[in-house]
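Trainee: Sequence:
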Amino acid sequence: MSVEKTDTLVIGAGQAGVAMSEHLRNAGVPHLVLERDRIAERWRSGRWDSLVANGPAWHDRFPGLEFSGDPDAFVGKDQVADYFEAYAKKFDAPIRCGVEVQEVRRNSDRSGFTVTTSQGVIEAERIVAATGPFQVPVIPPVVPEQTDIFQIHSAQYRNPQQLPDGAVLVVGAGSSGVQIADELMQSGRKVYLSVGPHDRPPRAYRGRDFCWWLGVLGKWDMSAPKPGTEHVTIAVSGAKGGQTIDFRRLAQEGMTLLGMTQSWDSGTLSFADDLSRNLANGDANYLSILDEADAYAAQNALDLPQDPEARKRFPDAPCISHPILALDLGKENIRTIIWATGFAVDYSWIKVDGFDEKGRPLHHRGVSVVPGIYFLGLPWQSRRGSSFIWGVWHDAKHVAEQIGIQRKYMDYHLEASRVSETA
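Residue numbers for the sequence shown follow my numbering, so the first one is 76 and each next one is one higher.
It cannot be assumed that every hint is accurate.
[Claimed, not checked] Each computed DSBU-like pair below joins lysine-lysine, with the alpha-carbon atoms no more than 30 Å apart: (1) K294 / K80; (2) K433 / K387; (3) K165 / K80; (4) K265 / K433; (5) K152 / K265; (6) K483 / K165; (7) K472 / K426; (8) K406 / K265; (9) K387 / K165; (10) K315 / K426; (11) K433 / K483; (12) K265 / K294; (13) K472 / K483; (14) K152 / K164; (15) K406 / K426; (16) K472 / K294; (17) K80 / K472; (18) K426 / K294; (19) K406 / K80; (20) K483 / K164; (21) K164 / K80; (22) K426 / K387; (23) K152 / K426; (24) K80 / K483; (25) K406 / K152; (26) K164 / K472; (27) K472 / K165.
Simulated from the structure, these hints should not be mistaken for lab results. Nothing here was measured: the structure is a model prediction, and the numbers come from that model.
The whole structure should be built from the sequences, with the hints applied where relevant.
Mentor: Here is the structure:
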């Protein structure tokens, strides 16, 4: 029985896989992309209904195609998925949907890898894992599953109507957690939000989106996070046309803020006494960006309007000045907990010795320590912007270049071998 073969096999057809395919095609590398669902499926079915991109359309895109409509708009999730489908069609990407990769093993008697899929075996000289960072939802083992509390991860949340009646506790105040909490509050729910350490950039300042400011200030190209900030939560949103996330404002509007969630005891949740500190550190991060922006505008004589409202501070609501350290969920009628607590990666299907003790890839800019294995779509893969749509496109270009270099070495080897045989 014949086995299908290809030079490079790309696994995943989200934004990373589509970008990888474009660059491989441009480099003349024969390849195939496998996707277990549809192109950009995570954007369609792995997000809540009202989600929009966190960056404006002019920024969060690939260079070869613009979004239709207002370039300053924050595009909805389905339109983002449509964009990647159109982009793949634009260059006739060799994407095969409905095929799940089950295992990748290095060949013991020849070069390359054998890949077991739901539709048979494929052999490839190179593997690009383009499955992204949002693979396994993480729910901390705090509240027992055997309770009357309805518990879901933010990846399973769709809209307020799916939740049982009653108040809601959202744990995690990054972009997902705070947007979900705000949507629930606007729907009429009583909402509690557990806030941990975070960075809080302005949505816009002096007439320019924060994506623009991070660009001109050189922050997108930071090659590595500052020590201790590798996993800092970022609170930013494109919802409602784009607004700066301000936790003090949310508290004034009726949301109850809490410190980090700590422990469970017979229906009562305990919280750390760190809310004021977390908010203060987030404010300091916010103000530091404003200060850098002002300095840049002055140094470069930019004619940008002043924005004194950006430095306005809302007064502390009672939940901040007198923090709640414990909640009896039953007494507060909290019937739902939404865990906006991030994701873990799962590369257990790649059977090579190229991961650390936590299962994270050992790599340099996407090039694995295992020859022939590559990764794409990882946070901080090469720079701060790697997690963004435009950032993964540039990372894919680098990975494709590295694949091209290895193919040239192999071409030389084969040619040299033929010359030796005929000499």
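Trainee: Run every hint past the structure and note whether it holds.
Mentor: Outcome of the hint check:
1. K294 / K80: Distance of about 42 Å is beyond 30 Å: violated.
2. K433 / K387: Status violated; Cα separation ~42 Å.
3. K165 / K80: 25 Å, holds
4. K265 / K433: 37 Å, violated
5. K152 / K265: 26 Å, holds
6. K483 / K165: Distance of about 28 Å is within 30 Å: holds.
7. K472 / K426: 26 Å, holds
8. K406 / K265: At roughly 13 Å apart (the allowed maximum being 30 Å), K265 and K406 satisfy the hint.
9. K387 / K165: Roughly 46 Å between the alpha carbons, so the hint for K387 and K165 is violated.
10. K315 / K426: The hint is violated at about 44 Å.
11. K433 / K483: 34 Å, violated
12. K265 / K294: 37 Å, violated
13. K472 / K483: 17 Å, holds
14. K152 / K164: Cα-Cα ~19 Å, so holds.
15. K406 / K426: Distance of about 50 Å is beyond 30 Å: violated.
16. K472 / K294: Since the Cα atoms of K472 and K294 sit roughly 20 Å apart, the hinted pair holds (cutoff 30 Å).
17. K80 / K472: Judged against 30 Å, a Cα distance of about 23 Å means the pair holds.
18. K426 / K294: 36 Å, violated
19. K406 / K80: 62 Å, violated
20. K483 / K164: Answer holds: K483 to K164 is near 29 Å, not above 30 Å.
21. K164 / K80: 23 Å, holds
22. K426 / K387: 54 Å, violated
23. K152 / K426: Not OK: K152 and K426 at ~33 Å, beyond 30 Å, violated.
24. K80 / K483: The hint holds at about 19 Å.
25. K406 / K152: 37 Å, violated
26. K164 / K472: 19 Å, holds
27. K472 / K165: Holds. K472 to K165 sits at ~18 Å (cutoff 30 Å).
Checked against the numbered hints above, the structure breaks hints 1, 2, 4, 9, 10, 11, 12, 15, 18, 19, 22, 23, 25 and satisfies the rest.
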